[in-house]
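Engineer: We have chain A; now place chains B and C onto it with these hints.
Here the protein sequences line up with chains A, B and C, keeping their order. In this text, residue positions in the first sequence follow my numbering: the first is 3, and each later residue adds one. In this text, residue positions in the second sequence follow my numbering: the first is 7, and each later residue adds one. In this text, residue positions in the third sequence follow my numbering: the first is 7, and each later residue adds one.
Derived from the structure by calculation, the hints contain no laboratory data. Computed from a predicted model, the values in this text were never measured in an experiment. A portion of the hints provided could be inaccurate.
What the hints assert, rightly or not - Straight-line distance between alpha carbons at most 30 Å, and here's what the computed BS3-like set of lysine-lysine pairs gives: (1) Lys103(B) to Lys749(B); (2) Lys212(A) to Lys181(B); (3) Lys181(B) to Lys249(A); (4) Lys232(B) to Lys161(C); (5) Lys55(B) to Lys93(B); (6) Lys114(C) to Lys184(C); (7) Lys191(C) to Lys377(B); (8) Lys69(C) to Lys49(C); (9) Lys57(C) to Lys40(C); (10) Lys114(C) to Lys85(C); (11) Lys433(B) to Lys176(A); (12) Lys433(B) to Lys251(A); (13) Lys57(C) to Lys205(B); (14) Lys181(B) to Lys180(A); (15) Lys57(C) to Lys233(B); (16) Lys178(C) to Lys377(B); (17) Lys318(A) to Lys602(B); (18) Lys232(B) to Lys57(C); (19) Lys375(B) to Lys161(C); (20) Lys76(B) to Lys409(A); (21) Lys233(B) to Lys49(C); (22) Lys57(C) to Lys441(B); (23) Lys92(B) to Lys79(B); (24) Lys433(B) to Lys249(A); (25) Lys76(B) to Lys103(B); (26) Lys176(A) to Lys181(B); (27) Lys69(C) to Lys85(C); (28) Lys736(B) to Lys92(B); (29) Lys181(B) to Lys433(B); (30) Lys191(C) to Lys376(B); (31) Lys79(B) to Lys736(B).
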Amino acid sequence: MADQSLARLQSHAMSRRTFLRGVGVTLALPFLEAMRPAFAAESSTEIPRRMVAIETNMGILPQFFFPETAGSEYQPTPYLQRLAAHRQQMTVFSGVSLPGVTGAHAAERCFLTGTPHPERGGFRNGVSLDQYAAELIGHRTRYPSLVLAMSNENPTLSFTRSGAPIPAEKSPRKLFQKLFMQGRPEEVEANVEALRQGRSTLDFVSEQSKRLNRSLNPADQHRLDQYFTAVRELEQRLHSSQEWERKPKPVVTAKPPEDIEDIRQFVNKTRLTFDVVKLALETDSTRIVSLFIDTTVIHNITHHGNRPEVLDELRKHEEGQFDVLAGFLKSLSETPEEGQTLFDRTMVLYGTCMGSANSHSNVNLPVLIAGGGFKHGQHLAFDTENNYPLSNLYVSMLQRLGIETDKFSTATGTMRGLELA
Amino acid sequence: MIKPFSHRNCFRQICCYLIMMTLGSGAVLADPMPFFQQHCTVCHDAGTKSGGLDLTSLSSDLAIPETFSKWVKVHDRLASGEMPPKKQPRPPADDVKGLLDNLHQSLIVADRLRLEAAGRTGLRRLTRAEYENTVRDLFDMPGLALAGELPADGSAYGFDKNSEALDISHVNLTKYLEAADHALDYAIATRPDPPMVQKRRISLCNSGGFVAHVVLNGDGVLLVDKKIDPEFPPSGEQGHIDEGAHERMGTFERGSSVGLFRHEDESLSPYFIDHVTIYPGRYRVRTSLFAFQWDQGEVLPARGTEAARLSVVQLTGDGRGGQHPSYVLGYFDAPSLQSQEHELITWLNYNELIGFNTASLAPQANYYKKKRAMEFTGPGIACDWLDIEGPLHDVWPPISHRRLFGELPLVEFKAADNPNVRAPQRKNVRQLSGKNRPDPNLGLFTVRSEDPMKDADRLLAEFLPKAFRRPVPDTVKQDYLAQLAVRLQAGDCFETAMRWVYRAALCSPDFLYHIEQTGKLDHDALACRLSYFLWNSMPDERLMDLARTGELAHPDVIDTEVERLLNDPKSQRFIDDFLGQWLKLRQIAANDPDKKLYPEFNPYLQDSMVAETRAYFRELITRNLDASYLVRSDFAMLNEKLAVHYGIQGVSGSQIRRVALPEGCPRGGFITQAAVLKVTANGTTTSPVPRGAFVMDRLLGQPPEPPPSNVAAVEPDVRGTTTIREQLEKHRANQVCASCHAKFDPPGFALESFDVIGGFRTRYRSIGDGLPAERGGIDPAIGISFKLGPLVDPQGELPDDRRFQDILEFQRLLATDPDPLLRNLARQLIVYSTGRQVAFGDRDEIDSIIAKTLKNGGGIRTLIHEIVQSRLFQSN
Amino acid sequence: MRNGLQGYSFAFVFLLVAGIGLADEKLAERSTLKHQVTGLFSKDRIPDLQKTMQKLPDIELVKIDFDTSEAEFRYDAGKLFPNATPDQIVEQFDNLLRNASRHTFGIKPICKTPREKLMLVEIPVVGLDCKACCLAAYEAIYKLEGVERATASFKDGLVTAWIDSEKTDRTKLEAALKQRNVTLKDGSQ
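Bound conformation, chain A alone (with noise of 0.2 Å):
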């Protein structure tokens, strides 16, 4: 069933990139409400849907974040305040963690893996929700995925099948440039030859390391198969880009930002990063983003001590942080496709690694989503003694984007209380 299913929706994505080919015309927004009426004859279950995963790295201060009470009628706390606008479609979480995802700050590496006891020697940790999903429907935009941070240093969301991390994109600006700026000819021409070339150096290199396989002992072998693999993934992926190379790039009439440099302006550079992220869905140049908000620049007033002026800093900060966050939401709500919004189509995950940053504990994590076509409005409150693996919601995510798993990292199956819409 998966396969019959997958196989159907790659057939739809090759149609497209066929025609695009074809026409190769610079297409304007609103993208997809032109592209709609030629699919009309195929299936019409296919809303593309997309996912946009966050996680602020320094813990959100529990005490303003978690309603008192379960439900739909809960009262909204001060940062849920600022959110107030999407409470019917936003869900937020208590009761939840990761099982077994521990050690403090090293769990913010395992927010979308999952994969538990990340402070331990010899940790491998596992693919992430984004990569997996990107892996199964990425090939339907330009950019499988875009692996993004707002950071000085380089932490990323994304994880590869062996674990291996993704660097992620930190410049609003170069981010902008990569979706829309079109290549000149030369440049165009120059890139594929480019990518030629890098293929054809990968192809080399996998025949040495064939000839390098040969002489190992079993184990050895296992472990140069991931050199293989990672060549052969990136001749894919060279492959990929070099069909995209040719095709023209979306056209927005918004000018590129300019890079904010100064760290500590973290809430306004997390709002260019997701100004930025609104025009890549809005143009379908992907559907799958992470981002990594790295707030470290305050990591003292996160071990706050129970001071109250310094609680009272961490506290603006952090709503600056949703003041952003629902302006995001804002924008999706406000973007229209195919008589929804783009909210409608976008699940936004926010959260953190740490239930209290001033403890390094990881359990009871603040967590919300938002829109992509959930039955929202909720504070869904399980028990705070014995935590409700977070990893199911990601299985939730997943079948929302149409892959049709149960499976996912530590979950035992979809969120409890969570329905599609």
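Structural biologist: Chains B and C only, in chain A's frame:
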């Protein structure tokens, strides 16, 4: 896929051995279960499951790593007498011995079988640092920047040198392709003669620079002959107007010394921006510095020798503004009213420049004061000038180019002479700032080959074995040549075609991976293991020769090489890389200490801390000191900054040197070094738990069990009312928690005598209530708002009931038994240098290494020798 | 015989006349011209100007009159500024001088207003005795419309300007100085 060998019968094997032992010796168990049921399952059954262990359902399949390590723990706990717990009745000694012997045998057998199939060190690629060092050494480009672009490596058993830590994905390969291109861009000469050597003398006040700007308003002054520059009055009630006017009038070009009062901050990044590198290479940098005291218009002798910091700044973006990424070149003395010259040679990449900072000065600003510099009294550091000369080339074309193209001539590429051949590509790098200018462009030059295939054959015969660190079969070379032919056919010029080949070589698994045979390593692999251990990089010519000739087989030759490698400056890479991971120094900057609680903290102190730990380890190796020095010492490696921080008199200047410690001073060994104390704290508070766990794990090799997941974490309270120790008592009172906490809390308690930045304390600093704090060694210009809260209680009791009153007594107790310290260090070095975890079956070998080391004095240098000579190191 | 002498004297006169004509032409190549110089905001700028002029070997600085800020230069206008009108000569000479002096000296047209019509304004100022600061103060006002000449000296505590009172006044000068961060002695800045 690894096929798990069927060891379903392992339990049966235990019984077989038991039967064999029964026939051989006297009273012995037939089967461990009766023993367990009698002495263990009271706590370790399915119901109670103490410590998570249920002996009744413990699998006997030793092939599964988790099961294997559980049985190892059972063995070790029983062997050390830790189990059954102290208060329980002891089982008969013979029973215990019998069980242990059987268990030991089974574990050894299982281990051996696993290793035979899997090899010991798993095939692994180069780490980030190894990759960067290897490329740098291969091309003689010591400052080439590569590691930053590569994805981070993981960590396994504490180090990144392990196949389990070194994944490779399509992302790594993308980066390797880019890195290879970058290295080739730098390595290949594109002109027949070297770039002209330019020598410039620059002032710290340079056009459009931050320093000129702040000097106008009193954050600095101009001095001539150690007196106020007569043509540049210091700012007082009036500041200088219009920086541009001053630059046009040549105010800062008259050779005056620039005296700066202000430390770098978010608005001030002192850059020597008049020289921004155009030609990558080695540069000679000289500077002249002195310190002075400023008293509202008078220049007086300074309070002592100050320290200035020089760094290499990498301009990014449009090159404007400050706070560009940088790395420290070093700290340099500025003596009182006496100009001291300093000289160094450094590699500079495109768009890099030299940065400056008044490192030893407290943060200070005069620009907003009514009388600016004229109401300021305090220290200043003056820079007379900075000379920058380069690029320096001993030979041209440089070694990097010769590595690729040998002696082939560089000739102008003319389209007419090369029909149907594409010209070589040249990248244009825009110089982002600076007054230095490029040489005139002489044209498009590239290597010319009269006989490309023959030349390539010769060049690859040289290059491939060097790059791959071992002999390369002719067939492999032919593979590369075949590709060259394809590129030449496609119309590439010789340089471009060879680039394709070299890039492929640098991305091939032969380059990226350590290739080691199972069993005894061959000479090339041994040479590599040796050089990646002590230099974190590829072997040099000499070491590779010794491998080729087979001389490396002799222990004496190996000994000599170990000595040679340790004495070479490149061994610093080993020290930095090893300590960075073993003592977690890589995390030194993980958090910034709270500014209110620790106002005296600054980057100079942090850099000095790291320098201390590195220098100390270097000293232990150089003097071959024994393992007791890991925790206790009669000397320390200090500079003035650290000495003041530690309360030690009589040390002046920025350079680290050996200082004899007075009686009763706890400093010196690793556990009382500020760097270690900082990485085991979180910037605001200390806790005995992480520090204690660090001592147990990193120094004694007895890592504590992780906490149970359902235990609420302790939230530290910095309001000063309760100490962390008082808060921990709750855990320690609980018997379940006490069993582990009794082991690692005590070192933590002793170390509570040191704050988050490694300063000694008898009371905790607090923001809230408390006694007034004394200034001590804190710079007089720094405001102190913290108070002194509750008393520190550093006493404790070791698991063997020995008590200690304070850190000194604790150190003495630890130092009385250096054996676990030495053993653990040996393990750490083995894990680091062999790239694999120590196996159960390796314990005998390690015992042997330790015994030999002790026989020769127990010194750490000896330990390194013994490790290298061991079978563990020399085989796989 | 008499014819030969007549011929010689004829030739002599001819040559004489021709010679005088030739001499006039030589004189005409390099002429001394008077120009208004900007940047002479204090007397110690005179050696600065002399030093700068050494960078322009085709132009000889003959005389400087500090009070009028006028100087006499000897140069071949036709060679240096071919086909240039007098206004254009001023402009091009200005460019040359600016480039040679990092824009601290310049040339402007000779003051048209007669000296008696100019008004002297003296503004007391406070500042550091620094030549570059004086340049800054000078540059605040010297280009204002109606300002013919100006000096600035923080040592003496005075900024002076000869102005055309129909085009500008003291208030405007004070405002311009304040904008350039020059402190006026009455305390306002």
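Engineer: Is the straight-line distance between the alpha-carbon of Lys114(C) and that of Lys184(C) 30 Å or less?
Structural biologist: Holds, at roughly 25 Å.
Engineer: Straight-line Cα separation of Lys79(B) and Lys736(B) no greater than 30 Å?
Structural biologist: With a Cα-Cα distance of about 28 Å, the restraint between Lys79(B) and Lys736(B) holds, given a limit of 30 Å.
Engineer: Given the hinted pair Lys181(B) and Lys433(B), is their alpha-carbon gap at most 30 Å?
Structural biologist: Cα-Cα ~19 Å, so holds.
Engineer: Has the given pair, Lys212(A) with Lys181(B), been kept, meaning a C-alpha gap of at most 30 Å?
Structural biologist: holds (21 Å)
Engineer: Taking 30 Å as the top limit, are the C-alpha atoms of Lys55(B) and Lys93(B) close enough?
Structural biologist: Holds: Lys55(B) and Lys93(B) sit about 18 Å apart, inside 30 Å.
Engineer: Do the alpha carbons of Lys57(C) and Lys205(B) lie within 30 Å of each other, as the hint requires?
Structural biologist: holds (26 Å)
Engineer: Holds or violated: Lys191(C) with Lys377(B), Cα cutoff 30 Å?
Structural biologist: holds (17 Å)
Engineer: When you check the alpha-carbon spacing of Lys433(B) and Lys249(A), does it fall within 30 Å?
Structural biologist: holds (27 Å)
Engineer: Is the Cα-Cα distance between Lys57(C) and Lys441(B) 30 Å or less?
Structural biologist: holds (23 Å)
Engineer: What's the verdict on Lys92(B) and Lys79(B), does the C-alpha distance respect the 30 Å limit or exceed it?
Structural biologist: At roughly 17 Å apart (the allowed maximum being 30 Å), Lys79(B) and Lys92(B) satisfy the hint.
Engineer: When you check the alpha-carbon spacing of Lys318(A) and Lys602(B), does it fall within 30 Å?
Structural biologist: holds (20 Å)
Engineer: Given the hinted pair Lys114(C) and Lys85(C), is their Cα-Cα distance within 30 Å?
Structural biologist: holds (20 Å)
When the structure is compared with the earlier hints, no violation turns up for any of them.
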